[in-house]
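Those protein sequence lines, which keep their order, are chains A and B. If you read the first sequence in our numbering, its first letter stands for residue 1, the second for the next number, and so on. If you read the second sequence in our numbering, its first letter stands for residue 1, the second for the next number, and so on.
Read the hints as simulated data drawn from the structure, not as lab findings. Predicted model, so just to flag it, every value in this text is computed and none were measured. Treat the hints loosely; a few may be bogus.
[Stated by the list, open to error] Just the calculated beta-carbon pair ranges, DEER-fashion: (1) B:81 to A:60: 24 to 34 Å; (2) A:85 to B:114: 17 to 27 Å; (3) A:65 to B:41: 16 to 26 Å.
[To be verified] Here are a few chain B residues that face chain A, going by a calculated C-beta distance under 7 Å: (4) 28; (5) 31; (6) 33; (7) 35; (8) 38; (9) 73; (10) 95; (11) 99; (12) 105; (13) 128; (14) 154.
[Unchecked claim] Which stretches of chain B does chain A cover? Using the computed rule of at least three CB atoms under 8 Å from a CB of chain A, they are: (15) 16-27; (16) 39-51.
By construction, the Cβ of each residue, glycine as well, lies at the ideal position given by its N, Cα and C atoms.
Residue-level listing of the chains:
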Amino acid sequence: MLIIRDIIVVIFLFGGLFFLTVGVIGMIRLPDVYNRLHALGKCDTLGSGLIIFGMIFLVPGMTNIVKLLLMGILTFTINPVITHLITKTAYVRGTALADDSFVVSTYYEEEEGEFFMGEGDK
Amino acid sequence: MSFLKNQLVNRFQRDITGSIIIFVTLMITWLLISASIDWQHILVGFILMFMLTLLWNQLTIDERGKTKVSWRQFKLLMRYLFFLELEIVIANFHVAAIVLSPKMPISPGLIVLKIDLKKDLPRVLYANSITMTPGTITVDLEGDRLLVHGMTKHHAFGVRSWYLYDIMKDLEEDSGKND
Chain A
1 MLIIRDIIVV IFLFGGLFFL TVGVIGMIRL PDVYNRLHAL GKCDTLGSGL IIFGMIFLVP
61 GMTNIVKLLL MGILTFTINP VITHLITKTA YVRGTALADD SFVVSTYYEE EEGEFFMGEG
121 DK
Chain B
1 MSFLKNQLVN RFQRDITGSI IIFVTLMITW LLISASIDWQ HILVGFILMF MLTLLWNQLT
61 IDERGKTKVS WRQFKLLMRY LFFLELEIVI ANFHVAAIVL SPKMPISPGL IVLKIDLKKD
121 LPRVLYANSI TMTPGTITVD LEGDRLLVHG MTKHHAFGVR SWYLYDIMKD LEEDSGKND
C-alpha cells in the first residue's frame, strides 16, 4: 500500500519537475519577454500545482493538507495576475516584440460588419 | 460605536446572503486550520470572522445588488472550472512541445479581442483564464477590448472563438455577485 502511494507521489513530483524544467528551458530559448512569459507563466503554474498535489499524499494531518490546498489555490490565482502585470508593464514601456511577430490591431464587429481600430497599434 | 452600528445595519440590510456566505467560508477555513474544537478557538474565530465580514462591506466587488445563489449558476461554475483545468493541462503540453522541439515553431504576435461581458468579476476571470490557457497571454484589458499576445498564429486566432467564453456568458447572465 505504501509502495503504491509512493509511486503516485513520485509520478506527481516528477511531472511537476518536468514542467518547471520546461519553463526554465523556455525562458532561455524563446526570443522576447512576451514569449518567455508564456513558458514561465503556464509551466510554473502547473508545475508547482503538481508538486503541491503530490505532497498532499505525504503530509500527515488535516491541517497540513488544508494549508497545502490553500497554497495551491493561491498559486493558481496569483500566477496569471503576476504574468499579466509583467506583460502589461513591458507593453506600456514599449518593449520591442520579436522580429517576425504580427500585430492585428483591428477586430471584426459582427453587427455592423466592419473593422474597427483597436488598442494594439504600436 | 455608532459607526459600528451603522456598518452592521448597512451590511445586513444590503446583502444578507453574501454576508452569511463570507462568514461561513471564513469560519470553515479557520476551523480547518486551527484543527481543534475548543470553545476558545470557536469564540476567537467567531469574533474575528464577524469583524472581517463587517470590514468586507467596504470591499464589495459588485457595486449594486444582493448576492443570488442558484443551482444552475453553481453547475455552470463547476463546468467552467473543470474545462479550465483541462485547458491548462493541454496548454502546458503545447508549450512544452514548442519549447522542446529543436526548430521552435513560433509565430508570435498581438491581437485585439472584443468581449461582451458587462460586470467586472467575469471580465477579470475570463482574462485570467486566457492567460492560463493555450499559448495566449492577456496583455491589457481596456473597456470591452482585450489585448492578447499569442505564441503562434493558430493560438492567437483560436481565442476569438473559444468555447469557454460561451459558458462565461451564460454564467454572467444569471449571476449575482458570487460567480
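Taking the hints in turn, this is what the structure says about them:
1. B:81 to A:60: 24 to 34 Å: holds, 28 Å
2. A:85 to B:114: 17 to 27 Å: Given a distance of about 23 Å, which is inside 17 to 27 Å, the answer is holds.
3. A:65 to B:41: 16 to 26 Å: Holds, at about 19 Å.
4. 28: violated, 10 Å
5. 31: Since the shortest Cβ distance to chain A is 10 Å, the answer is violated.
6. 33: Hint on residue 33 of chain B: holds, closest Cβ of chain A at ~6 Å, below 7 Å.
7. 35: Holds, because the Cβ-Cβ distance from residue 35 of chain B to chain A comes to roughly 4 Å (cut-off 7 Å).
8. 38: violated, 15 Å
9. 73: violated, 20 Å
10. 95: holds, 5 Å
11. 99: holds, 4 Å
12. 105: violated, 12 Å
13. 128: holds, 4 Å
14. 154: For residue 154 of chain B, the interface hint is violated, since the closest Cβ of chain A sits about 12 Å away, which is over 7 Å.
15. 16-27: It is violated: at least three residues are needed, and the segment 16-27 of chain B offers just 0 whose Cβ sits closer than 8 Å to chain A.
16. 39-51: Our answer is that it is violated, as 0 residues pass the Cβ test (under 8 Å) against chain A, missing three.
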